[in-house]
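K.L.:
Work the whole structure out from these sequences, hints included.
Going down the list, the protein sequences come from chains W and E. First residue of the first sequence: 1, per the working numbering; consecutive thereafter. First residue of the second sequence: 674, per the working numbering; consecutive thereafter.
One or more of the hints may lead you astray.
To be verified - Within a straight-line C-alpha distance of at most 27 Å, the following computed DSSO-like cross-link-like pairs (lysine-lysine) qualify:
| no. | chain 1 | residue 1 | chain 2 | residue 2 |
| --- | --- | --- | --- | --- |
| 1 | E | Lys1015 | W | Lys342 |
| 2 | W | Lys79 | E | Lys907 |
| 3 | W | Lys400 | E | Lys1015 |
| 4 | E | Lys907 | W | Lys68 |
| 5 | E | Lys907 | W | Lys400 |
| 6 | W | Lys400 | W | Lys369 |
| 7 | W | Lys369 | W | Lys649 |
| 8 | E | Lys856 | E | Lys921 |
| 9 | W | Lys380 | E | Lys1053 |
| 10 | W | Lys575 | E | Lys749 |
| 11 | W | Lys451 | W | Lys380 |
| 12 | W | Lys541 | W | Lys529 |
As the list claims (entries may be wrong) - Output of the computed footprint for chain W on chain E, the stretches with three or more beta carbons under 8 Å from beta carbons of chain W:
| no. | stretch |
| --- | --- |
| 13 | 737-749 |
| 14 | 775-785 |
| 15 | 838-848 |
| 16 | 858-870 |
These are calculated hints, taken from the structure and not from any lab test. Ideal Cβ positions, reconstructed from N, Cα and C, are used throughout, including at glycine.
Number of protein chains: 2
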Amino acid sequence: MAKWIWYHGDFEIYQAMKQNLDREERGMKWPAYWYTSGWNHNVFFSRTFSFATPQTFSVRVQGEGYGKFVDLDSQKETKFAFAAAVTCPAGKYRIEIYVANLAGLPCAYLDGQQVQSDENWQASNFLGEPVSVGTSSLFRQADQNPMEVDYHHEIRQPQKIESVNGGVLLDFGHDLTARTRIKFKNGFQQVTISYGESRTEALDVQDTYLKHTLQAQDDPFGHYDTQKAVFVTKLRAFRYIYLPQISKMEDLGILEVDFESLEFPRIAKFSSHDEQLTKIWQVSDRTLRLCSGIFFIDGVKRDRWVWAGDAFQCFYMNRYDFFDKEIVERTLLGLRGELDIKQHLDTIVDYSMYWIISIELYYDTFADKHFVQNVYAKLKRLMDFSLEATDEHGFIRERKGDWIYIDWADFDHQGPLAAEQMVLARALQSMVRVSKLLNQDAQKYERHYQKLRENIDRYFWDPTQQAYIDSYESKKRHVTRHANIFAILFGYVDDAKAKQLVQRVLMNPEIPEIKTPYFKFWEQEAFAKMGHYDQVLATIKAYWGGMLNNGATTFWEYFDPAEKGAARYAMYGDKYGKSLCHAWGASPLYLIGRYLIGLKPTQPGYQTFEIKPQLELLGDFQGKLPLSASGDYVELHVKDNVLTVQATKAGGIIRVGQQKIAIPVEKAITMTV
Amino acid sequence: MAKWIWYHGDFEIYQAMKQNLDREERGMKWPAYWYTSGWNHNVFFSRTFSFATPQTFSVRVQGEGYGKFVDLDSQKETKFAFAAAVTCPAGKYRIEIYVANLAGLPCAYLDGQQVQSDENWQASNFLGEPVSVGTSSLFRQADQNPMEVDYHHEIRQPQKIESVNGGVLLDFGHDLTARTRIKFKNGFQQVTISYGESRTEALDVQDTYLKHTLQAQDDPFGHYDTQKAVFVTKLRAFRYIYLPQISKMEDLGILEVDFESLEFPRIAKFSSHDEQLTKIWQVSDRTLRLCSGIFFIDGVKRDRWVWAGDAFQCFYMNRYDFFDKEIVERTLLGLRGELDIKQHLDTIVDYSMYWIISIELYYDTFADKHFVQNVYAKLKRLMDFSLEATDEHGFIRERKGDWIYIDWADFDHQGPLAAEQMVLARALQSMVRVSKLLNQDAQKYERHYQKLRENIDRYFWDPTQQAYIDSYESKKRHVTRHANIFAILFGYVDDAKAKQLVQRVLMNPEIPEIKTPYFKFWEQEAFAKMGHYDQVLATIKAYWGGMLNNGATTFWEYFDPAEKGAARYAMYGDKYGKSLCHAWGASPLYLIGRYLIGLKPTQPGYQTFEIKPQLELLGDFQGKLPLSASGDYVELHVKDNVLTVQATKAGGIIRVGQQKIAIPVEKAITMTV
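P.N.:
This is the structure in structure tokens:
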């Protein structure tokens, strides 16, 4: 099977730039506010063949160039033009395809009996040794163009139409990323569309984030087809559409929306006797899928950008939902950009660290050493770039233009921040492990890690408070949850200390609570790691259940139960600045799958895996979780104290009480629990 | 006057990529075989203003984005959409324009009473401190697009039409870069156009470099307009067109060509009683102009690429012909690419060195410190990148992928090459001078230069042969002209040694002679420097005159008087691989202007200048040479032993015999000579 090929990583760089330029706010485009990495415009692809008979094949490219046969015996070179039928004589040949593309991505598609473009080809940008080509299962057809993704389209109708304040309000049930299509009854009308993730926002025509007054001509945000009397807008995310000038839909014509997405397999399932928990799982699944396309993006209305911190959490959730390998690879490559590194990912230092850790996570998830090999040079450059900003203690410090983020929380930011050092240490561990996996020298990183770990404890551990403080330079001895959560999660404290941290910090109401689902994730994982599964379940029900109680049909970027009314939708000083469909809101997928159903791989790529369900907490439930990118899964249900479990692949163990039982393949076993 | 603005250097990177992808050969596109630097796709422009009254202005961009007013007192930010009329309140504001462009060059044009985009704005790519914006006098209109250059067009008819071998041969007199336009008499005909820089090539339909069989549909090299029955081809360079299938032009219709160029001022003039010398000057001028557009390119048929060595010589010729400042800036920026340097310019080490020297030459020519400041970071990176490949003696060595070129000649390439070290030393001198000019630390470069100069003499000077040898590692003690020419030119030998080198090397028929006009340039300059003006004149007449005798109407890439017939057009193993209109063939412009008419600046920017005409050699002549980019010139003529001279600007001295006379402004003086 032939595939489109390109210089490894360039498709993702191109698409990531496209994605990061695709934000709209109040009639303006809002490109991401960071340096955008470029792709190679001039490359060549090559592969060596040995042909018993002459081989005819077709060549298509995006761009311009020529091909070359290099006879490996005589070194004679023969050029050829790209055509539907090119013939290479019998013999040993290297086929070279030179493609340049000023405005876009140079790529090629060769198809013949023995000659097919695929992963066996190499690519060069005329610097150094050739690298592997990149491919995508999305681009297997000759008539495709890797710059244009073939999305899945689904026409959706409003679930409810309501007359409000003299206008019409359409409710599509939950957020969608869609083009609005209006088929006018009586020809073009300069109608205004006021969008909203919330009803409040859509009805606030003055201040809504996304609003569009259609223009019959030269409309930068849509297009009117005079012949068909149909206007199609650009892609936008919304749950509600309000048409303030239209009192009856029938007067305008037909409004429907074209929901655009990439489809991911529906593998994971979860339902519980606890309907709220079932609903939380379903809304999490919807939220994650809406934020999953070429890349894991942060949110559908805002920012529509690829953020490494958000993506890092999606990589975990993905394992417990659709287990897609390519979206992880695309997101990693799109985030990282070109080989040279000039700025932290999305400008955030911790996000660079998460990217590094993600490579280890990728390996543990998919056990694909080939991909890890292909990104190793980029991994190393990013690690080295980060270490350039470390001081004599090994602490990473903020450079001009760097953003030490961690979370939306009040940190004591003077000098090095404790949580950031924890994340650096964890990234160094990933760097060491991945380097060793590829037989690369890791000594420099091991030494840095050792020094850093020692100095974290020396400088940030407060013996009086028995906790890590944010800053030692400020002398304020300020404690937040974040560094302490990381210390537990990364195993940087022994069990006794960890237990103390749970009591003194995590369960301490005097330490400001976490307000983002983003950091709730890590906090709950720390509780789970310490055996407080009850706490995890309670938080899921209270915090995510709290959003449901506030009418959420997708999970939010930020949730403060104390906020009421319109204030719930505000953020960043913007009345509707909060994203109401935000990937990092979907972490119950992970928390339920990993800790309540209790599935984890015990070897890379789930060669072996283990399930330890929290039966007492869950009660009756049904669960199905993926085990591989090729559709394997494990399924279990509990009803009336009988547990049934089976898997499609070997290597599984289920732990119930003190028992460890092998999970049979394609054959259910039951046990009384 | 408003101008389009972009991130400094990006317009040139974009256009250079376009240029370097614009080569065609036998029905195939041939992109340059090196790494192509990318431009920034996401930038913002900013400038601070103080407005007494509200200011309204228009904003146009190539790309998408938004604008922002930042109130400098309150720091309050207000966003605005790009529109024909945007109003900023009175007060102190920073105006910011955010523009991203996935496929092209992000740039902006603002026009109002006080708000106008121009050189006073800054640009940022979100890395480090903002830089100056770039502008071009070619883009001053709002309705322009800096990605598309508005070329000058001129329809040309064949000067001669001839029936040959059953077809029709059209001669346009000399090479042109033009689109062929056929207005068919009886509708579309699938005619074949065989192009040639020589008559021989055009008639060789089988093997010609550029041939095009027109297709009515989907023709990648041209377009047929059914309604007008007109086919217009892409741009190609040729002197001849042969239509093998057409016995009479009348049967086909009308063929004319649309000659596309940028126009440069016609300042320099030269005519002599010696008609051959006059002709050489005219053909040189034509050759240089044909190779001058957005950039100085090497040749019009081939490669159509921007090569730093060729451009370096053009920078010298430009001073004695049209004295255009912007083409030099564009060429420097296009060659150099993005700030990071990954490969030597055009892959050639010596070409990187010439680029460095060119910055000094630029300053001496135009005295524009601002431009030098703007490229200093790129200059320094290139110098440092080059020095990374130097050894303990300071010698630069070939790394994998580097090309040590110097000239098409047989060098003894084992280990460091002498001529390359000379060029490195000269580049270090430029680096030191430019650094000091900008008050930058130059010590590192000074030390390297000193060590290198000492080691060049220690390792490459052969006391027996009294000459520099190519290689000391090979022990072959091989002498070529090149290093010895550089030693004279750069003043790396004292006068006595230089005189010896002229005798032992330059005038030694046993040392293989120079075959390229490229190195003839430096050789003649060395002769001139040593006072052998007679030799310079003789070579101009013999070598360039030799090309004229071979029917040249533009000067060639390579000329070996021994080659006869079709062999004259072959190069690189290609029957028609030799470029017959090659910029480096135009150096008589410089040699005549600089050494025979004898003009040179004696202070940067020609603040003072001197003319020392070789009156005995020239006899009666008229000459006019530019003195500045704003049209200043000096004019002199000699007739019947009376010399008349005048200039449009002060600062000039003319030397005649032992006399030094100030050249009057706008008023001729005459003297008997």
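K.L.:
Would you mind marking each hint as holding or not holding in the structure?
P.N.:
Cross-check of the supplied hints:
1. Lys1015(E) <-> Lys342(W): Holds: Lys1015(E) and Lys342(W) sit about 14 Å apart, inside 27 Å.
2. Lys79(W) <-> Lys907(E): Holds - the C-alpha atoms of Lys907(E) and Lys79(W) are around 21 Å apart, at most 27 Å.
3. Lys400(W) <-> Lys1015(E): 25 Å, holds
4. Lys907(E) <-> Lys68(W): 24 Å, holds
5. Lys907(E) <-> Lys400(W): Violated, at about 49 Å.
6. Lys400(W) <-> Lys369(W): 36 Å, violated
7. Lys369(W) <-> Lys649(W): Holds - the C-alpha atoms of Lys649(W) and Lys369(W) are around 21 Å apart, at most 27 Å.
8. Lys856(E) <-> Lys921(E): Given pair Lys856(E), Lys921(E) holds - Cα atoms ~14 Å apart, limit 27 Å.
9. Lys380(W) <-> Lys1053(E): 26 Å, holds
10. Lys575(W) <-> Lys749(E): Judged against 27 Å, a Cα distance of about 17 Å means the pair holds.
11. Lys451(W) <-> Lys380(W): Given that 27 Å is the threshold and the Cα spacing comes to 19 Å, the pair holds.
12. Lys541(W) <-> Lys529(W): 19 Å, holds
13. 737-749: Our answer is that it holds, as 3 residues pass the Cβ test (under 8 Å) against chain W, meeting three.
14. 775-785: Answer holds; 3 residues pass the 8 Å Cβ test.
15. 838-848: With 0 residues close enough to chain W, the hint is violated.
16. 858-870: violated (count 0)
Hint violations for this structure: numbers 5, 6, 15 and 16, all remaining hints satisfied.
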